[in-house]
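There are 2 protein chains.
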Amino acid sequence: MLVLGIDPGLAITGYALIGEEVDAPQLFAAGAIRTESKMPLTKRLLELRRQLSAVAGAHKPDAVAVEELFFGRNARTALAVGQARGVALLTCAELGVPIYQYKPAEVKEAVTGYGAAPKAQVQEMVRLLLHLPVPLEPDDVADAAAVALCHLRYGLALACGLMVERTI
Amino acid sequence: MLVLGIDPGLAITGYALIGEEVDAPQLFAAGAIRTESKMPLTKRLLELRRQLSAVAGAHKPDAVAVEELFFGRNARTALAVGQARGVALLTCAELGVPIYQYKPAEVKEAVTGYGAAPKAQVQEMVRLLLHLPVPLEPDDVADAAAVALCHLRYGLALACGLMVERTI
Numbered sequence: 000m001l002v003l004g005i006d007p008g009l010a011i012t013g014y015a016l017i018g019e020e021v022d023a024p025q026l027f028a029a030g031a032i033r034t035e036s037k038m039p040l041t042k043r044l045l046e047l048r049r050q051l052s053a054v055a056g057a058h059k060p061d062a063v064a065v066e067e068l069f070f071g072r073n074a075r076t077a078l079a080v081g082q083a084r085g086v087a088l089l090t091c092a093e094l095g096v097p098i099y100q101y102k103p104a105e106v107k108e109a110v111t112g113y114g115a116a117p118k119a120q121v122q123e124m125v126r127l128l129l130h131l132p133v134p135l136e137p138d139d140v141a142d143a144a145a146v147a148l149c150h151l152r153y154g155l156a157l158a159c160g161l162m163v164e165r166t167i
Numbered sequence: 000m001l002v003l004g005i006d007p008g009l010a011i012t013g014y015a016l017i018g019e020e021v022d023a024p025q026l027f028a029a030g031a032i033r034t035e036s037k038m039p040l041t042k043r044l045l046e047l048r049r050q051l052s053a054v055a056g057a058h059k060p061d062a063v064a065v066e067e068l069f070f071g072r073n074a075r076t077a078l079a080v081g082q083a084r085g086v087a088l089l090t091c092a093e094l095g096v097p098i099y100q101y102k103p104a105e106v107k108e109a110v111t112g113y114g115a116a117p118k119a120q121v122q123e124m125v126r127l128l129l130h131l132p133v134p135l136e137p138d139d140v141a142d143a144a145a146v147a148l149c150h151l152r153y154g155l156a157l158a159c160g161l162m163v164e165r166t167i
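So the sequence lines, in the order shown, correspond to chains Z and R. For the record, in the first sequence the residue sitting at position 21 is 20 according to numbering that gives the first Met the number 0, with numbers rising by one throughout. For the record, in the second sequence the residue sitting at position 140 is 139 according to numbering that gives the first Met the number 0, with numbers rising by one throughout.
Simulated from the structure, these hints should not be mistaken for lab results. Some clues are possibly wrong.
Since the list gives no way to pick one copy over another, a pair counts as held whenever it fits inside one copy or between any two copies.
Stated by the list, open to error - In silico lysine-lysine, BS3-like type, Cα no more than 27 Å apart, as pairs:
#1 Lys42 to Lys102
#2 Lys118 to Lys102
#3 Lys37 to Lys118
#4 Lys37 to Lys102
#5 Lys59 to Lys102
#6 Lys118 to Lys59
#7 Lys118 to Lys42
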């Protein structure tokens with residue numbers, strides 16, 4: 000099973016493609032899709048779609064995993080992220096790939112064993128689980144890898160009906 | 000010139016197609032694209048895209064007009080609206096239609112002559128300008144008509160370079 004983890008954003012969308020190889024996760028590709036803030040909004044959305052389509056089209060993942068978002072106060076950020084997230088979800092949905100969503104605490108729990116783990120610990124565990132010499136950067140890419148690992152971790156429980164379906 | 004005004008939302012996206020006929024605006028079509036809250040998010044985004052594509056494809060507008068959004072506090076609403084807005088903007092952009100954005104005060108000013116006009120006054124002026132027997136409903140459709148009227152109103156100023164370009 001190949002999972003495409005995505006951390007959508009208007010300026011940066013992190014992505015990571017992780018497969019399960021002989022019970023150990025392996026990183027196949029990762030990167031950041033960037034759009035310049037000087038560009039008009041619609042051009043940025045088109046560019047995000049183009050690049051994400053290319054990534055998904057090239058690797059043909061079996062599933063997409065994203066984190067559920069919570070915004071405490073910043074509605075302006077929520078709107079910008081929402082626009083990018085809508086385009087990212089649409090792009091993957093049109094390719095026919097099922098999309099799974101996990102809460103931040105579930106991602107932390109799956110990767111570190113502790114649902115309230117600090118960000119640095121999550122990133123270090125992502126590095127260890129993927130046998131990487133250095134942590135993934137920027138944060139958006141590491142976060143995308145974490146949610147992909149989370150889906151691989153919960154995949155068996157989902158398949159056995161031991162967990163509520165997480166497709167969105 | 001035919002303008003497609005849109006008021007994007009996840010549950011309801013209002014739209015209105017307004018043309019300039021012998022110096023008077025005329026409503027050609029209007030409606031609400033609804034998606035059920037019980038449906039998965041990705042299905043709702045796909046449905047919004049499908050219906051909005053059909054509207055834009057059938058009428059071939061020369062321009063799309065949307066209102067700039069401000070959210071005071073509700074980041075949760077901003078995320079939901081943002082996802083729908085991203086998909087709506089992408090859909091129109093992929094059809095090659097230029098998209099113009101106006102501030103709420105500009106829309107009110109253009110329709111009523113007063114930038115802080117109450118909502119009911121805006122809706123009544125939309126009704127009068129379009130020679131309709133009753134106001135457009137729901138609010139989302141009336142708001143879509145208002146921003147389309149705003150673009151028609153400012154179209155000449157834009158064409159003459161008297162106004163800063165509003166494409167996004």
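Quick rundown of the hints versus the structure:
no. : hint             : verdict
1   : Lys42 to Lys102  : between (30 Å within a copy, 20 Å between copies)
2   : Lys118 to Lys102 : within (14 Å within a copy, 38 Å between copies)
3   : Lys37 to Lys118  : neither (30 Å within a copy, 33 Å between copies)
4   : Lys37 to Lys102  : between (32 Å within a copy, 19 Å between copies)
5   : Lys59 to Lys102  : within (25 Å within a copy, 41 Å between copies)
6   : Lys118 to Lys59  : neither (29 Å within a copy, 48 Å between copies)
7   : Lys118 to Lys42  : neither (32 Å within a copy, 32 Å between copies)
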